[in-house]
Amino acid sequence: MILASMGDELCADVAERDTPARTMGDDAAALMERYCDGDASAFRGLYAVAAPRLLGYLVCLTRDRATAEELLQQTFIKLHQARASYLRGADPIPWLYTIAHRTCLDELRRAKRSPVKLSREGAVLPEASATLQGGAEGTEPRFAEATIAVVLEALERLPEIHRVAVVLTKIQGKTAAEAAEILGTTPGAVKLRAHRGYVMLREMLSEMEDGS
Amino acid sequence: MSGPASKLDRALQAMGDLPAPPPSAALEAIVSTAAPVARRRPGRTLAWVVVGSLAVLVVHLHGFGLRRDLSALPTWWFWSMAAAWLAAYLTPLVVALLPRRGSMLVSARAARAVAVGIPILGIAMTLWLRIDAPPATVIPDTVHAAISRAEWCLVTGLEMSAIPFALGILALRRAPQPLNVRWIGAALGAASGTLSALMLHAHCWFGGAFHTAVSHAGQAVLGAAIGALLVPRLMSRNPGAPDA
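If you're matching them up, the sequences are chains C and A in order. Following our numbering, the numbering of the first sequence begins with 44 at its first residue and continues without gaps. Following our numbering, the numbering of the second sequence begins with 2 at its first residue and continues without gaps.
It is worth saying that the hints were derived from the structure and are not from the lab. As the structure is a computational prediction, the values presented were derived from the model and not from experiment. All residues carry an ideal CB built from backbone N, CA and C; glycine is no exception. There's no promise every hint is true.
[What the hints assert, rightly or not] Here chain C is said to cover these stretches of chain A; the calculated rule only asks that three of the stretch's residues, wherever they fall, bring their Cβ under 8 Å from a Cβ of chain C:
id, region
1, 39-53
2, 100-110
3, 169-183
Work the whole structure out from these sequences, hints included.
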């Protein structure tokens, strides 16, 4: 009964976390402006504003916290390299999502080319596990982590277009218009994909719940 | 507040933010040396693309010459149609290359609207506002003659639109793009196609609904289809994104 008793633990997190997206975008735009003008401290501010959300996004795409953290660093390095592309007054957050997504795709392509990880002695290493809080190996994960791992597993089984739409709208809290801007499609298409993905996700989790 | 759906909602929402590690030493080192940078100017890029494309149009018209039935046609009609085709070229190009104020990325919704709307408008305009002045305007009287001339117009139009399309691709590659660029590519292709339609309107003295709708206005449809197919492939390694 994975889903049956998880609500209370997550309530507090959700209530504390929600920040108006517009404020985030405005802050990010002002920080990006200063950063492009050569203010390194503004970069740290931008990182503080955007990194938690981007990390959540990357974990949903990769299912691996360590890989997601590595990709997060690469995303910001690429942002630095491409900062001349920034337009004055524009919200850089959707752009950051596209950089993060493409960085992730590159990583997945690289991983496909070398699907088996070997130790120095040539032994096959086990797949990295999907932990969100980065807890030490071998420790019993907290209940919320176990639940989220199940949701991540179900998310991975969704078709790509539905998964990204669900991640952006249901997890990242983007509006359909914001998600459409990132994905390069229409808000209507995003709503449809997110709804279908959400329904599929719910069915998968119900099956998992019944199975357990 | 119970049931699998609301519990799933809460699980999904809890996954949004994660405590991120601080910037790595490598990232800090790179950022600490950051100097002010010159910004991208999409308006200037757009202007270069327009100037380059219009130069290609002028060169083609200079080579091919204006239509032979020009003296038999109403001047106001010729110039009005030319202005309409020019507007039909500029509209999708602006949508494909200029992000909205406050946004870094071009709107795919607007791109879709112009990529679909402009070719339809172009064909409708050609059919409803067409003026032929036979015998100065040649109306093909056999299927063979119609196909032969249509082939020439289609091939010449495609050749002409290649350079404006390439200029647009270069401009797109310099800018950050959303994850899916199919509609933006279609808008860019439609723009290149309408420029060909403008060239054919000014040069081709063959008339008739079939010829003008398919061979002239059809360039916009063809361009949009080619753009939608080619641009996602050509943009797969986009330095402006940046993912190179």
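Hints versus structure:
no.	hint	verdict
1	39-53	holds (count 4)
2	100-110	holds (count 9)
3	169-183	holds (count 9)
Consistency with the previously given hints is maintained throughout, with no hint failing.
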